[in-house]
Amino acid sequence: MSGYLEGVLVLLAVNVVFAYGGFLPLAAGQLNLGLAGFAAIGAYSSAYLSNVFKLPPLIAIAFAGIVAGAVALIVAAPVLRTRGIYLALATFALGQIVQAIILNLEVVGGAAGYPVAAFIRLPAIAATATVVVALVWLLFATRFGIAVTAVHDDETVADLMGIDVRAFQVAAFALGSAIAGVGGGLYAHHFSFIEAQYFNISLSITIVLYVLLGGTQTVFGPLLGAAVFTLLPEVLRASANWRYVAFAAALIVLMALRPEGLVTGAQLRRLLGLARAQPRHAEVAAALPKEPSG
Amino acid sequence: MLAVHELEVRYGRVHAVRGVSLTLAEGEVVAVLGANGAGKSSLLRALLGLTRPCGGAVLFGGRDITRWPTSARVRDGLILVPEGRRIVMTLTIQENLLMGAFHRRDHRAVAAEIADIYDRFPHLAARRHHPASVLSGGEQQMLAIGRGLLARPRLMMLDEPSLGLSPKLSNEVFALIRRLNRENGQSILLVEQNTQRALELAGRAYVLELGRVVMEGAPERIVADHALQAAYLGRGTAERRGGGQHATSAS
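These protein sequence lines are chains A and B, in that order.
Just so we're aligned: 198 in numbering that gives the first Met the number 0 is position 199 of the first sequence, and the numbers increase by one with no gaps anywhere.
Just so we're aligned: 44 in numbering that gives the first Met the number 0 is position 45 of the second sequence, and the numbers increase by one with no gaps anywhere.
Hints in this document: simulated from the structure, not taken from any laboratory.
All values derive from a computational prediction rather than experimental measurement.
A hint or two may mislead.
Chain B is faced by these chain A residues, among others (derived, beta-carbon under 8 Å) [said to hold, decoys possible]:
id, residue
1, 51
2, 54
3, 55
4, 57
5, 146
6, 148
7, 149
8, 152
9, 154
10, 155
11, 158
12, 160
13, 161
14, 283
Some chain B residues judged to face chain A by a derived CB distance under 7 Å, without partners named [to be verified]:
id, residue
15, 70
16, 74
17, 85
18, 87
19, 89
20, 97
21, 101
22, 102
23, 107
24, 109
25, 110
26, 171
27, 172
28, 175
29, 185
We put the CB at the ideal spot given by N, CA and C, even for glycine.
In isolation and in its complexed conformation, chain B is listed as follows (with noise of 0.2 Å):
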């Protein structure tokens, strides 16, 4: 459902993807793991038309979206669930998932689904007409991932869900991803740096260095192929702030 082929971005001297290729086929969970300053945002801003990439293509659903502007990739399911979860503070809980639903018109089944998400976060539907600054870290995650949902994806992308997120609330949200693809077949692009959950999660992966792709696969063949890297190479950096282990100075 998601191809991209041979990206590159740049911001003026910076190379930040240099011809990254990657797939992910429908109802498939996909790891992008790599530590700081590896691509990974990048990447998700040219799949997300926030960045021109300066080569390649992206293409969803089998068509050619790379000059799409981002309003129309997101109404053909490209959603996001960005870094640092970005909820809209001054707006009440209810308004950031009114927010997520903004470009349907079909108002009975939005009603539906906010219903559905208050069942299943009831400290949400608690405080559905409080400002969303007076949610926890993790419920803010949970409000960012329900104010995805409501706009549909085919595809949902999660950027570091994890990240400020004490253990016990990583293992809930890492828990719910799994749910969804599970339960609703939810395809999902999943970018962390916890690389350990990550690959618990996902059904294949892809390891980013310095903008390239070094590693793809399955969890088992990335964690054999690192541990191995690690040991021999001294190149631990993907694993840096995941497991912790491998922890050697990036090179």
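The shape of chain A in the complex, shown without the other chains (with noise of 0.2 Å):
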């Protein structure tokens, strides 16, 4: 494989861990813009655990991965207490503040950079890629996909059906600020080096991008949305210069087209024949009467 295909697989992978850090989020309502704040966490944390402890690079990242979720517990009684825009812009404080305070930080390098010494190729990766989606795709087929769901769209109903929606919107934070934190260890020993300013403001948006211009409704989304726009540039490389802004006309012109995202759960269902494959809340769902056909 050459260096070039294994370089976009990789970014390719670690974009898909992103993308699913910011659906967990948005699921829930959040519009959550200090996710590069949670990678960069789970970058350093991940590069200071295998650099200082010697931890393979896997644990160390599973490590990060528990260390911004962690993080996300501890802010999330205020951050979550503001709504719409203003949850925006706490997040996008919060981000900033985990940058400024690394920028800080002499024992993970400062501004001038860490250096990671382990390194992980494209095979675990991917693997690691793998095993996050499938967690998060198990997760939304159990009762908490139905509570986020239903958070998201109506709050007051939630809560009229006995569903904790201050648990649940915690728990998609954090699970989300946790991925984050993988996906950002993941980057971290494949690219040997972290600084900072990769983690700003910018990283967190296009994070968002992913998910919103793949879909919310699905959990498929988020793997489309971070294939498409990861693969697009690549593909655009032939035309130079001008490809990013063909790459950011495509955006206006899906968004324009496609607000809902690029798949919806209407049109799995239509692509599928039937529904969805394993109804949510498989112990009731066993015990019910199957659907007459057509």
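Got two chains here, separate frames each, mind docking them using the hints?
Here is the structure:
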């Protein structure tokens, strides 16, 4: 495999992980613009763990996810008190704070950046991405999917049905942040060098775009969104300088024509002929009478 | 089973509920009537803990639930079928039903009850895996009631279940409510602007006006009192959207 191809595929896998980190909060109705901050926390903590404590990279990355998730849990109380555009601003500020702290943290190189000694290649990264995607899909096949969708669409009615709105908001926020942390850890251990500047607001916005453009209604959306918008600039590479213009134009056209994203639930049902193969809430579904055909 | 004592709800300067007391016994259908702004919705919100009352108490099943969070009340069997139905459109019909059973762990019973609802409403069954947005208003109301039933209500509260429905569909909804009460002994608190239909169904009724209970008792009494008031005092506000024949300007 050429170095170029491996590089693109690694980027694709990392972006898919990032996209699922963005999907969880968005599915619960939170516009999280601090995802890059959690990715940074994941990148730096995994790098520190593997550099200093000589942990195997994948173990370090798993811990990094836990660290990012724990930080999210701690800040969830004040941050999730805000809503809508204010939540976006609060998370944006959070990302900036993380960046500023890292810039001043000499133990991980500060503004000079932080080299990462351990190195992982495509197979390990792709496998980790697959595990992350599978876990999120499984999670959304349970009652969690119903609860998060209900919280997203109508908090009051979720409350009225006995769904603990707050708990699911915090869970979506923290799990998304943990996944973003894992993405950051993967990035750090492949590209061997990290600097605070990489984890800026534009990374957060890109992650959110993957999800919004791929579609928030199904768990397939982020996968498609990340794939299309990682590969599209590469495909457009032939036109050199104009590719970013073409890419931006493609974004605008897509937003205008398909505001709901590339894939929606209804479309998938049409494609698959029937429905969700396995209706959510498996315990109940197993005991239900089968649907009449047609 | 439900006892409300001198309940007070304020939103800033607006005094929405002013010392409302009401009771509801097991197996009873009680109607709460009143015009827009009479305080019906505020009363329901306070009963469910969506609004903190600033005075009074709510007793449910003999326990003081005035300060309970909403989720605890729901687990205790206080279930609202909200105004405007509030179906989650991006979920499938089946998922909306499952949402009603969210706090339950007896999966087999839930499945049996869902099958039961499908038997009762074949049009829901046929499209169970479609998004709820494919349903008509009447079907959505049936789904909302089905969702409420799956929550195992000890007391089911219905907020304007006939709102926005054709007379024919309203009849179906009221017939369903009547059956739930007669056949299952379901206790029901019915909040309606359609006074006439609500009084046909209820064993007792309360009429709210500007946050106060202005009349209570058996339906016949309310009808008689009401006709008298409308005729001699020009106070027909509770009837405006209902029968219509007494419509007068709000004072």
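How the hints compare with the structure:
1. 51: Cβ of residue 51(A) sits 44 Å from chain B, so the hint is violated.
2. 54: violated, 39 Å
3. 55: Not OK, violated: residue 55(A) not within 8 Å of chain B, min 40 Å.
4. 57: violated, 36 Å
5. 146: holds, 7 Å
6. 148: With Cβ-Cβ at 6 Å, under 8 Å, it holds.
7. 149: At about 5 Å, which falls below the 8 Å cut-off, the nearest Cβ of chain B leaves the hint on residue 149(A) intact, so it holds.
8. 152: holds, 5 Å
9. 154: violated, 10 Å
10. 155: holds, 7 Å
11. 158: Holds. Min distance 5 Å.
12. 160: Holds, about 5 Å.
13. 161: holds, 4 Å
14. 283: Since the shortest Cβ distance to chain B is 5 Å, the answer is holds.
15. 70: Check passed: Cβ of residue 70(B) comes within 5 Å of chain A, closer than 7 Å.
16. 74: holds, 6 Å
17. 85: holds, 4 Å
18. 87: holds, 5 Å
19. 89: Status holds, d = 6 Å.
20. 97: holds, 5 Å
21. 101: Since the shortest Cβ distance to chain A is 5 Å, the answer is holds.
22. 102: Result: holds, 4 Å to nearest chain A Cβ.
23. 107: holds, 5 Å
24. 109: holds, 5 Å
25. 110: Status holds, d = 4 Å.
26. 171: violated, 22 Å
27. 172: The hint is violated - residue 172(B) has no Cβ within 7 Å of chain A, the shortest such distance being about 18 Å.
28. 175: With a closest approach of 20 Å, the residue 175(B) hint is violated.
29. 185: violated, 17 Å
Going down the numbered hints, you'll see the structure goes against 1, 2, 3, 4, 9, 26, 27, 28, 29, while the others check out.
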